[in-house]
Structures are given as structure tokens and as C-alpha cells.
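Q: Here are the chains, one letter per residue:
2 protein chains.
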Amino acid sequence: MARIVVDVMPKPEILDPQGKAIANELPRIGLDGFAGVRQGKRFELTVDGEATEDALAQAREAAEKLLSNPVIEDVVRVAVLDETEEN
Amino acid sequence: MARIVVDVMPKPEILDPQGKAIANELPRIGLDGFAGVRQGKRFELTVDGEATEDALAQAREAAEKLLSNPVIEDVVRVAVLDETEEN
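In order, the protein sequences belong to chains A and B. Just so we're aligned: the first sequence equals residues 2 to 88 in the working numbering. Just so we're aligned: the second sequence equals residues 2 to 88 in the working numbering.
This is chain A alone, in the form it adopts within the complex (with noise of 0.2 Å):
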């Protein structure tokens, strides 16, 4: 068993509401060290035994037909899982 992470984020002339509302709340809380927050989404396509060359041209695919929206936003990362980088 493989994973094939893939990360979507808006682009970065569309407005983030969402981000803008983390980005107001953190100084509340005490955290005032960062100028912006972008939400995006993070998909894990697992895949039945090695994560080969053909899955992940597969996942490239799901990727621009499926996962993001061209429009309004980029596919920034399809990349086998690197189970190691994970806590």
C-alpha cells in the first residue's frame, strides 16, 4: 500500500476568506507571527502496492479533472507519500 498525496490551493489573485479569517483570529490568540494564512486541500489516493509511474500520472490526471477547480485553482504538489515525513 502506497499513498499519492495531492495539494490544491486557490490561486493566488482569488480571494481566501476562509485564510483571511484564520490570519485575523491567530493574533487573538497570541500568535502574531505571520503576515497570511491560504486554506487549501490535501487529497491521499491510496494505492494497492507500489506507487508506480502509471498511478501517479493517474493521480496527475484525477488531479486537473476531479480534485481542483482550473479556474480558481493550482495543483501545486502530486507526490508519492513519503511515509517517513509524516509524524
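It is worth saying that the hints were derived from the structure and are not from the lab. Check before you lean on any hint, since a few could be wrong.
All copies of an identical chain are treated as equivalent in the list; a pair is satisfied when it fits inside any one copy or across any two copies.
Said to hold, decoys possible - Using 25 Å as the maximum straight-line C-alpha spacing, the simulated DSS-like pairs for lysine-lysine come out as follows:
(1) K66 / K21
(2) K12 / K42
(3) K42 / K21
(4) K42 / K66
Start from chain A and add chain B according to the hints.
A: For chain B alone, kept in the frame of chain A given last:
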């Protein structure tokens, strides 16, 4: 300017209807290589200047207090964004 990424995913034992809906839809567009899909959130926190240890500590606190619901979600990653990692 640096960016810190916070990734939040539903806990494995929590039902994820959005991920399930995507998993059901993938074969309908010809992508049959996946055993399952989970949908989570990705946040990008912008820091003026360097991403210091203090900024990372603030991001971890934000992840636990504001960006995730610890009852149903896990913070799976808090890391300085490697700008070469993205497209």
C-alpha cells in the same frame, strides 16, 4: 518571506464522505488505480523574513488550536515549505 505548511487530515477511524465520493467517481472517468481517497486541508502560513524556530512553534500551536479539530482530525505535518518542492 517564507511559508510554513500545515497539513490536517481526518483521523483514520473517522468517516470521510467527501473522500468516499471522490473514490466512487474516479473509476467513472477511467481512473481505476486507487483503493481509496481521503480529503483533508492544507494551510500555508506566510512569515515575514525567515521561518525561525519560534515561527514553527507558533505554527504548531496554531495547528492544534485553530487549524484542526483534535476530536476528528490529525495534524500530519508542520514544515517549512521547500520552495523547490512545488511546481
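Q: Is it within, between, both, or neither for K42 and K21, if the alpha carbons may be no more than 25 Å apart?
A: both (16 Å within a copy, 15 Å between copies)
Q: Which holds for K66 with K21 at a C-alpha limit of 25 Å: within a copy, between copies, both or neither?
A: between (27 Å within a copy, 17 Å between copies)
Q: Should K12 paired with K42 be assigned to within, between, both, or neither, using CA atoms and 25 Å as the limit?
A: both (12 Å within a copy, 16 Å between copies)
Q: Under a CA distance limit of 25 Å, which applies to K42 and K66: within one copy, between copies, both, or neither?
A: Both, since 15 Å and 19 Å are each at most 25 Å.
Checked against the numbered hints above, the structure breaks none of them.
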